[in-house]
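S.K.: As given, the protein sequences belong to chains A and B, one line each in that order. Here the first sequence is numbered in the numbering used here, starting from 66 and rising by one per residue. Here the second sequence is numbered in the numbering used here, starting from 388 and rising by one per residue.
Check each hint, because a few of them may be wrong.
Claimed, not checked - Okay, derived cross-link-like pairs now, DSS-like style, lysine-lysine, Cα gap no bigger than 30 angstroms in a straight line:
#1 B:K551 with A:K179
#2 B:K514 with B:K538
#3 A:K184 with B:K535
#4 A:K184 with B:K448
#5 A:K179 with A:K209
Just so you know, the hints here were simulated from the structure itself, not pulled from any lab data.
Next come the chains, spelled out residue by residue.
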Amino acid sequence: MVKMKWKGGQVEVMGLVIIVILITLGMFFMLKFTIDEDPETNLFIEKPLLANGVMGALINTNVVCEDQVIETPLSIKDDLIDDCAIHKEINSVHQCGGKHSCEFLRETLVEQLKATLGKWRVNYELHSVLVSGATSEDLFPVIKSEEEDGTEKGCPGERESSGSFPINVQQVGLVENTLHIC
Amino acid sequence: MGQTKNKKNKRTSRKRHFWNFTHNKRSQVRMSETIAVLFIFFVLLLFGILFYYKYSQISFKEEQEAWVGKKAGDATLKALFLPELACSRGGAVPESNCFDLMKLKRAITVLDENFVDYYYDLFPFVKITVEKIYPVEEEPWTLYDKPKTKKLADGTIVDDWEFKEKAHFVVTLKDETKSESEGMYGIGILVVEAYG
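Pulled out of the complex, with its shape left as it was, chain B reads as follows (with noise of 0.2 angstroms):
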């Protein structure tokens, strides 16, 4: 009676063993499943913030160009209508877009010299400069550079600017040393550079 008692009971130890093995077998699988699942989820969540992150980086940087873009634009149109540039018509009527060789010339002193009282509130942070393109190409005159600038600690100044943007616009130069029928007038580009 008492060894089948025992056989009984080994055999109920050895069921619970199995049952306990493959019960811990399948939270094991389920435990793996789960960290996979989890693994992936997180690996998504990181792809998207990576992803956002770029983007909203990007997006920055193109709003910071267009801004400085729009300055440079904004300062060509202001340079097309300097009367310290602009040519005339027997001294009074002015002629659109269109520059006047020798006042151009004079003009890189007169800029420079009354930078801080005036030009730097017309054009704060902007390069200037004509190209002669047309009947001869000549070396661009730059009438104005006022760069972004920082002073270290030591005292030393270095530029303080990352990128800059371009405004193109066509002009004509007239060179009242010659005839019109030595050609007077030629073309000229003004290029406006804003630095960012």
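Isolated chain A (complex conformation) (with noise of 0.2 angstroms):
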């Protein structure tokens, strides 16, 4: 039978291996601590308070057209998600730059979006769904937040929602819109 012999020199080699250790799981944590930077902004805000508040301004907005062809400003509430609705299929009343409302809207939102939650880089979808009779619909592509290479992100996981913002629209049904944001 071989017998173990704990020496004093195993002993030595044990205290240093601790140390090793130790100092491993130190540096571990610094540059934990270091690294793992939450870079997204504090809003101080609760979430679905201001995805209410983004939705209320976007959807009272009045909507200038640049190119002139629209001479008056358009009530995204009134105007735009009112005609886009009814002439979905077909070529709208309104049209800014030859683009149908559907279309000028979606951009419209896109952009405020971005001048919004975008800059303080919040992620957000935006849903505007045409409920008729027991169909519903997306009246345009949800919107989605965007990646700095400009992939598309939204949110896929865990969201505030705004809660639905309902508009009429007569003889076509209702228009749910509601903004996620993460």
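Taking the hints as your guide, dock the two standalone chains into a single complex.
M.R.: See the structure below:
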């Protein structure tokens, strides 16, 4: 039978190993604390409240067409959403630069969301759904926040909602607008 | 006989000398080992203390920032519901998250004139700005700006804040000088900065 001998040298080696482990752990934590900075901007406002404020402001806005095809500003709530829902598949009454009201409306919303939430590095998703009878479909493609390289990100995980902003469009149905932020 | 005794004595003293020499060397090695261990121990202790100091400093700063940020958030909510700024439909029903531009331009002087009597309690050490971003970008209106200050021994007043935290909110800006068909509603950003 081989007898195990516990020599002083082995104890010292064990001590050294423990020291190395401790130093490595310390370095690891230091690196974690220095590198792992939260890139998200602090909003200091409850997210549902902010989403509600943004959605409310967007819906109420009067949109100006810069090429003067439309002479008077149009209300998103009363003119553009109405027109887009009624003339979704055909030529719209309101056009800007030859663009259909749905396209022009979406472009305006994208621009304004980029100028506000996008600038504050808050991710978002805007859904505009036309509910008609038992069916529902997107009024225009969902607007999503973008990464720095231009790829869409949106809010795939946990998110806060503005609540629904319903707009009644006569003879067509109801347009439900919801902004999610995360 | 005497000679052999002498030789024996010499041998014993040489042995002793050798024993002393090796014993001393071993003690020195032990001593340097102990010193090395103590050195490493103190280096580790120093690392620990530095790390803890840095960590507590950062967490204190974060807490301070969060507190000042909360102050900015609270001031934002108060500003949103100020009757001095809020839009109203038919003179009675207030419109949510909406500022009346005519009221806003006038409020700058109102807020400044009544700062001591009333507004300081509502907005201590904050700066409130409104920026119009749509349809046309305009120079921001500074509604209120009261930074933390202190008076030096020679009487000069200097700033007494280290950092500020910003809270933003999107608001509707209503221009009553225009009709709805002329673009009465625009988009603005309410920016509240709290001094910490």
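S.K.: Which of the numbered hints above does this structure break?
M.R.: Those not satisfied: there are none.
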